[in-house]
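Protein chains: 2
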Amino acid sequence: MKFRKYIVSVWLGLLFGTVALAQQQVPATKPNKAQQLMIKRGYGMFIHFGVNTFTDIEWSDGSIPVEKYNPTNLDPDQWVRVARDAGFRYVLLITKHHDGFCLWDSKYTDYDVASSPVKMDVVKAVSDACKKYGLEFAVYYSLWDRKEPSYQDKDPQKYIDYMKNQLTELFTNYGDICELWLDGGWDRKPEDWGMDQIYKLVKGFNPNCAISVNHTIVNEAGKRDFTHPSVMTEDNTYFFQYFPSDFRLWDPMLITRYDKKQYLHEGQSYYLPFEHTICISSRWNWFQKSMDLPVRSQDELEELFYWSTYNDNCLVVNIPPDQTGRIREYEANAVISLAKRIGITKNKPLPTNGTFISALQDVTASSTLVEDGVSYAATAVTDGNLESRWSAADTTGFLDITLDPKKRFNKITIFEYQDTKQLDDGFSNIRSNRIQEYIVQIWNNGNWETIYIGAEPMGDCKVIRFPKYYQTAKLRFSILKATGLPAIKEINIIDMPEAQNKKG
Amino acid sequence: MKFRKYIVSVWLGLLFGTVALAQQQVPATKPNKAQQLMIKRGYGMFIHFGVNTFTDIEWSDGSIPVEKYNPTNLDPDQWVRVARDAGFRYVLLITKHHDGFCLWDSKYTDYDVASSPVKMDVVKAVSDACKKYGLEFAVYYSLWDRKEPSYQDKDPQKYIDYMKNQLTELFTNYGDICELWLDGGWDRKPEDWGMDQIYKLVKGFNPNCAISVNHTIVNEAGKRDFTHPSVMTEDNTYFFQYFPSDFRLWDPMLITRYDKKQYLHEGQSYYLPFEHTICISSRWNWFQKSMDLPVRSQDELEELFYWSTYNDNCLVVNIPPDQTGRIREYEANAVISLAKRIGITKNKPLPTNGTFISALQDVTASSTLVEDGVSYAATAVTDGNLESRWSAADTTGFLDITLDPKKRFNKITIFEYQDTKQLDDGFSNIRSNRIQEYIVQIWNNGNWETIYIGAEPMGDCKVIRFPKYYQTAKLRFSILKATGLPAIKEINIIDMPEAQNKKG
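Residue numbers (our numbering), protein chains in the order written: chain A, 252 to 755; chain B, 252 to 755.
Simulated from the structure, these hints should not be mistaken for laboratory data.
Quantities reported herein were computed from a predicted structural model and do not represent experimental measurements.
Take the hints with a grain of salt, since some may be wrong.
[What the hints assert, rightly or not] Cut-off 30 Å, straight-line C-alpha distance, at most; resulting in silico cross-link-like pairs (DSS-like, lysine-lysine): (1) Lys375(A) <-> Lys405(A); (2) Lys662(B) <-> Lys662(A); (3) Lys662(A) <-> Lys719(B).
[Said to hold, decoys possible] Computed list of chain A residues with no C-beta within reach of chain B, every gap over 10 Å: (4) Asp406; (5) Leu544; (6) Tyr557; (7) Ile587.
For each residue, glycine too, the CB sits at the ideal point set by N, CA and C.
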């Protein structure tokens, strides 16, 4: 009977102090120590590396021969140097993906680096480099294992024991691990993963380790309909599917500006921050491919950074080493440039975006698309939600955003809803803009005054910086030319400290 | 006999001191005082405003009724505030264009502001604002006059006297004028403009005023084939067509990185810096149009600024007020943002670009277009000349630039040769990129290492900043996708002080 267990655990906690307490998750409306430390870290580098790297594949099933793993110039020290130079606070390493291949020498399988042509213990190399460069170390471990025989056993406990053995290797041989990221839980029932055992085991090694499973939250207790982060705007409305869990995950979704933190389990409310995951690749690939793929623009990286680290949430950016075993220069350059651009510096709080003076403001549109009974209303552009959008019913048109003329702004960011084309390679896609020309105007003494003209497509995210502050009762965003019905996810009108705005 | 005149003038100069001397131009290999001051100013705002502003026309013939000139909110103080905020050192005002319309109340014509609905003396308003905001004041005055009756007189001296009268008004009623920019000289023989009289008159008012006529230099003495700035790479090779002249003009051409300063007149060599003229509009319009037109990108403005102010030359940027009589906000924002971006600050020397480590380096190409007997050779991209270009013979290809591996770089700028489309409005054009995807690689330990991927068209000028310095024996620029035969005017590989590179 679970309620009794909880009472006993609290009682033991009170008796034996915080270590014992930390091994259970207790109802709370504020972050506990592990969560506080996680929120303070805020920004990590995600590293996907393994057998998939050598086969141009995103996911594999354990059948790739271990010999395929053969980096020619394996250099985990370089990975962590890049992380340090880019201002990341921690490195989150794939230690085992769904294919079951382990990046350390595990006693419990031969499908690991020790059996491969390049025997370097990558977990050790990365954790050592983290100590050397002053970063924290975190691990991703796939629950779903398509290789390990015990995974197929009728008794789920067999595989749970396998996981506990491997996690014990990870948590006892490589120093402190600040976070455990579990994935692939959809492949069996939540109760068959032994989350309570895993949680207790790991917290015993490090009570401050933050633990979670991808798609942490569901719409209904006991059901598997994962709660989309875009609707997490009310406390005590959604439920844990994996308990205990210290934070929320829903790779690769983004939460809203109005993200809430209280989630239910067996009638109790728990505090849970959100950790975002994004790829540096603008074409969404997690494991590196043999072909060079473009990275996200600095504008998009800046705004995704601010968006994802806002409101006590966190961000990890995936920067996967290639077949040589090194992070590519152009990908390293993208995150290091971002750090210089917005001032992500060691030992300083993470930089924050300015004040959104457009937040939840009224918006009217020249036209609104209604399709299949759905109205793509103008207010979507100020609702703080990147999943909702306004769409015009015509290829040109405008939005008028009402503002408080007492409030000032010097920055505008625009997220266009883009066309997405899946590529033949099966893993990547290309986004493309519909809007080709646009104009930003403010209402000034009875006239529309143009403060910006965009004569080129705005890319994945457009940041417009003004060299001065403006104040106005309404702002107009007009689309002069588009290749289809233009649609906008968000327009953020921002009051940024001037020194920070100059830098970007 | 001119040689004797020169001797006499020098003798008089020695006798009566520097003022008398300054009224003649003397052979020299160094800048004189007026030129020194001009070079020190370096960066000015050009202002086209007049009857054309109200008719969406670039040039007119004097037939536009004076009533058409009717700004609704004329505010020259705003023009100069923008100039100050953008770091300009001087304002160069059109006082009379080819149409003959005067922006001051001239005793010698009725085709002026005093006869128009808005009688404000614009020359006075701008010169006053320049004093108020600490900028210098310069005037453009068209030699060619399509309105003034004396211009049609058989005796050229009649119109020369008209000009001298008007210039006397300008130079005696508005305080110091640092520069006189004369235009339209092509309409009659050089000797019919009375340049010696005008020069002497103006220098009598202000010996430090720098004076010149558009298309100052010709290929052959006495002929009218204007010397293109792109060939001005040897001293004492080209000739004055208007003498005296303190500097060179060839609107809107750009000189090369190897611009020379010595030009010939009657067997003597004179020192002449170059003043560049560019439009803030990316579509080349001088007088403002009723329709908002886009401005040049910050990347292009930055590189044109550096290019034009390099090597003791100067730049004026045209930012024309509109029919209301004010500079448009989005155009003001472009130059003020540039000033913040690269650090153009009052009382500080103008910022400079870094060292071009690619200058005159060897380049090889995957293919070279030969068309009509012209070979578009690869070395064009490092020749410091924006008029020459490499063109591939195929829609994809690459350039390999040999570098000194002892030299470092952290910035690359690329000027693509673009397609230009003349628009129906008769005054503007649109440039468009052929190259759609490209990649930059360096040779590193026997491999090509990708340091940048461009997945979007590079616009009118592309600036790539790296967060670290690279050193390599060769750099490869590859074109992965293009809509036609790709062509490049310049690739500049630059060693930039790190603090400056971070800012941009």
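Hints, verified against the model:
1. With a C-alpha separation of about 34 Å, the suggested pair Lys375(A) and Lys405(A) falls outside the 30 Å cut-off, and the hint is violated.
2. This hinted pair checks out: Lys662(B) and Lys662(A) have alpha carbons roughly 26 Å apart, not beyond 30 Å.
3. Of the pairs offered as hints, the one joining Lys662(A) and Lys719(B) holds, with about 28 Å between alpha carbons and a cut-off of 30 Å not exceeded.
4. Remark: the non-interface label on Asp406(A) is consistent with the geometry, its nearest Cβ contact in chain B lying 49 Å away (cut-off 10 Å).
5. A Cβ of chain B approaches the Cβ of Leu544(A) within 10 Å, the least distance being about 8 Å, so the stated non-interface status is violated.
6. No beta-carbon of chain B comes within 10 Å of the beta-carbon of Tyr557(A); the shortest separation is about 19 Å.
7. With a least beta-carbon separation of about 4 Å from chain B, Ile587(A) fails to lie farther than 10 Å from that chain, contradicting its non-interface assignment.
Hint compliance for this structure: hints 1, 5 and 7 are broken, all remaining hints hold.
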